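**Q** Letter by letter, the chains look like this.
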Amino acid sequence: MTELGVEQLAHVYPEGDVRALDGVDLHIAAGERVALIGQNGSGKTTLVRHLNGLLRPTSGRVLIDDTDAARLTVAQLATRVGLVFQDPDRQIFAGSVRAEVEFGPRNIGRSAGELRNAVEVALEATGLAGEERTNPYDLGGSRRKLLALASVLAMRTPVLVLDEPTTGQDARGVERVRSAVDAVTDEGRTVIAISHDMRFVAEAFDRVVVLRDGRVVLDGPPDVVFGPAAWEVLASTYLEPPLAAVVGERLGAGSTPTDASLVAALGSWSAPPEGDDPGDEDHQHA
Amino acid sequence: MAGGDRLSDEARPARGIPPSLGRPGPTAYHRLNPLTKATLATVTAVGAVVLGGVVGPVGLVVVAVLLPAAIAGVLPQLVRTGLLLSLPIAISAFVVNLFFYPGAETVLLRIGPITATAEGLAFAIEILVRILAISGAVTLFYLTTRPSDLVVDLERRGVSPRIGFVTNASVQTVPAMVDRAQQITAAQRARGLDTEGSVWRRIRGVVPIVGPVILGSIAEVEERTMALEARGFTRPGRRTLLWSPSDSRTQAIARWALVIGLAATIVARIAGFLG
Amino acid sequence: MTVSLRSVGYRYAGASRPSLLDIDLDLRDGEVVGVAGASESGKTTLALVVSGIAPRTIGGQIRGKILLDQADVDDWPMHRLSERIGIGFQNPATQLSQVAGTVFEEVAFGPMNLAIPRDEVIDRTWHALEALAIDALSERDPRHLSGGQQQLVAVAGLLAMRPEHLVLDEPTAQLDPAGTRLVADAIAALAADGVSILVTEQKTDLLARIATSVVILEAGRIAMRGRTGDVLDDPRLEELGVAETSAGRLRRLASAAGVGGARLEAALR
Chain W
1 MTELGVEQLA
11 HVYPEGDVRA
21 LDGVDLHIAA
31 GERVALIGQN
41 GSGKTTLVRH
51 LNGLLRPTSG
61 RVLIDDTDAA
71 RLTVAQLATR
81 VGLVFQDPDR
91 QIFAGSVRAE
101 VEFGPRNIGR
111 SAGELRNAVE
121 VALEATGLAG
131 EERTNPYDLG
141 GSRRKLLALA
151 SVLAMRTPVL
161 VLDEPTTGQD
171 ARGVERVRSA
181 VDAVTDEGRT
191 VIAISHDMRF
201 VAEAFDRVVV
211 LRDGRVVLDG
221 PPDVVFGPAA
231 WEVLASTYLE
241 PPLAAVVGER
251 LGAGSTPTDA
261 SLVAALGSWS
271 APPEGDDPGD
281 EDHQHA
Chain F
287 MAGGDRLSDE
297 ARPARGIPPS
307 LGRPGPTAYH
317 RLNPLTKATL
327 ATVTAVGAVV
337 LGGVVGPVGL
347 VVVAVLLPAA
357 IAGVLPQLVR
367 TGLLLSLPIA
377 ISAFVVNLFF
387 YPGAETVLLR
397 IGPITATAEG
407 LAFAIEILVR
417 ILAISGAVTL
427 FYLTTRPSDL
437 VVDLERRGVS
447 PRIGFVTNAS
457 VQTVPAMVDR
467 AQQITAAQRA
477 RGLDTEGSVW
487 RRIRGVVPIV
497 GPVILGSIAE
507 VEERTMALEA
517 RGFTRPGRRT
527 LLWSPSDSRT
537 QAIARWALVI
547 GLAATIVARI
557 AGFLG
Chain R
562 MTVSLRSVGY
572 RYAGASRPSL
582 LDIDLDLRDG
592 EVVGVAGASE
602 SGKTTLALVV
612 SGIAPRTIGG
622 QIRGKILLDQ
632 ADVDDWPMHR
642 LSERIGIGFQ
652 NPATQLSQVA
662 GTVFEEVAFG
672 PMNLAIPRDE
682 VIDRTWHALE
692 ALAIDALSER
702 DPRHLSGGQQ
712 QLVAVAGLLA
722 MRPEHLVLDE
732 PTAQLDPAGT
742 RLVADAIAAL
752 AADGVSILVT
762 EQKTDLLARI
772 ATSVVILEAG
782 RIAMRGRTGD
792 VLDDPRLEEL
802 GVAETSAGRL
812 RRLASAAGVG
822 GARLEAALR
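Taken in order, these protein sequences are the chains called W, F and R. Under the numbering used here, think of the first position of the first sequence as 1, with each following residue one higher. Under the numbering used here, think of the first position of the second sequence as 287, with each following residue one higher. Under the numbering used here, think of the first position of the third sequence as 562, with each following residue one higher.
Isolated chain W, as found in the complex (with noise of 0.2 Å):
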């Protein structure tokens, strides 16, 4: 299973002299599940962009287990790096469903048997099962973003990264894209978001990186990220917490980035906060 390293990433757009990365440390290990939120603007596409080669590093390297992605081809990267892009219609260009998930896994060098295999799992996975021969523009675009998904998650990428996979999507979308990702970590796969949806980060990931001005300036779980004592930070990106957690701040709950969470610490709740011990008696807070 594979692991990512960045080191110092920086990187500087020519066009415009903008150092869009400053200097970046990460290391995410094989079966993480990560969000990567900040701001329009805070580096999070140009970060994703290094996993599988699209962008080069002007200094500072991009590891894919512990070899140097300079010298790997985008090409070669896709084997490892499966990236889905934000807009569906910038990529699907196939007749049918079916050949839009081929695609991928093809250019790859996956055998017949593994092609069929991982297109079938991928339109399960993204319910659309018994689309095979659809036009991909007869589907809506709730949909066709879903099938931007399972275009990727056909290639059994060990590394999963999608941007903004939520941006766009009805309800069902939306369940059906943390059903894919849990599929995907399941099998101890890596899968790193990009995500403006608050809520979507805080159930669905177990880490939070916080980009500003190219710099990660938060790295943890959840209830630290979304924890009080980080707000003022959070502020600064101009992000705001999941609104469980602001009430959870309110209600004195401590850190309560889920509402399950939120619902769990009201639930063992005996008293006011005063220095008693939680589920010491059974009260009912009607």
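Keep in mind the hints are simulated off the structure, nothing from the lab. Everything numeric in this text was worked out from a predicted model, so none of it was measured. C-beta: ideal position from N, C-alpha, C; glycine also. Heads up, some of the hints might be wrong.
[To be verified] Pulled a few chain R residues facing chain F out of the computed Cβ check, cut under 10 Å: (1) 612; (2) 640; (3) 671; (4) 722.
Use these hints to put chains F and R onto chain W, whose structure you have.
**A** Positioned in the frame of chain W, the structure of chains F and R alone reads:
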């Protein structure tokens, strides 16, 4: 009624258009009406070709290109840009005529099989001066006039706003398509599309890129059209202009004088008066 | 002014099935109507039909009647309708005219097209910029603004045409959180000022904040409608593919676990 009325409860002092709109140029030449400057550029370019000999075109360059450029303070830029643009053509035209002028007899220089002739040199100089005149006139126009100012001025005179709009919009389509193509290429490469292999592979690789580029560009045109229509763009007839470049009777007379002068020169040339 | 849809249906050009069926809807002065629904339920189509873009600009077949204060607008050309109903779209960049070097000219674009006298164009433009609190951006190049700012410019451009109704189709769909907040705040301010708005949105939190009533679409038909609070708290939302509001979800999970109550309510304010 939505918006406006409820928000303008007290009388407000009337505000004008923001200062940067229609800001007059830094020099008197800049402030000339764009049509005047365009007329000058055209008459100079055509006139330089029509006038025979060398003295005429050189005089034209001095009076109609270099002098205004000096007044407008763009002389150094003009020389740099004008020369740069015309150099390739100028040099090749010069060399071709110097060495290969047909029917020449007076030999100046021999380099192996090719010969430089005096007649060739004379003609080469004539061509050179004309090329420099044309490039100088056009460059002067671009250095002192915003293209949008010319479009607005033409619209004020009755040209349909749609023409200006179409030219503007067409020009901007290309960078947008290039940008789209780059993003699509990135997405396909991320799925293993090989853009660094053999020529044949690269040609095949065009298919997953061209489709989305075209479809996407068409979809974008549709979106833009809807947005424009929602803002009354399809209303026939003229529209209000916030600002247009100033003009004067003097300039109008000058424009006509230039055009008539050019016409007279052409007639004279045809009739053989200018040799 | 009331916009009324009576039994309206619409089929896109070349489509085998209609995208809207049997729509009966009234948009009254000062109301903010939110439209929610799963992807492809007809939200965008409804926006296009109400504003007249469908069928005038994009073709297709329309059934039923659309009335503006009882007047049938069937034969009104688009530019005439655009003075009464303005429509804003999702993509901030494609709404720019591309012929305006400054935000001021961009916002003035609509009134200029309508051949309104110059002084009034200028007046309306400043009012629209101030209504969206972007008068400080008046001399900036609209192409260099953030997505959220561009959306505000687009809405200002619509307001400058003094429409009686604004239709906004998922105005925050393509914006980051900062942009979403910027646009949501601006729309809330307009709504508070009495501007009539029809807004389609996936973000039910946004609708909860600004809409007076909500309509839920399913497969091109109205599946549910009513006051915002009633509709967004209805348990049938899930089967209609509409997300619960964040507060609603918290309340539901808390009450299922037997906790929360008054304290939770207070903290949710």
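**Q** Hint by hint, note whether the structure agrees.
**A** To see whether the hints hold, each was checked on the structure:
The interface hint given for residue 612 of chain R is met, as the beta carbon of that residue sits about 7 Å from the closest beta carbon of chain F, less than 10 Å. For the restraint placing residue 640 of chain R at the interface with chain F, the shortest Cβ-Cβ distance is roughly 4 Å, inside the 10 Å limit, so the hint holds. Hint on residue 671 of chain R holds. Least Cβ distance to chain F is approximately 4 Å, under the 10 Å limit. Because the smallest distance between the Cβ of residue 722 of chain R and any Cβ of chain F comes to about 7 Å, under 10 Å, the interface hint for this residue holds.
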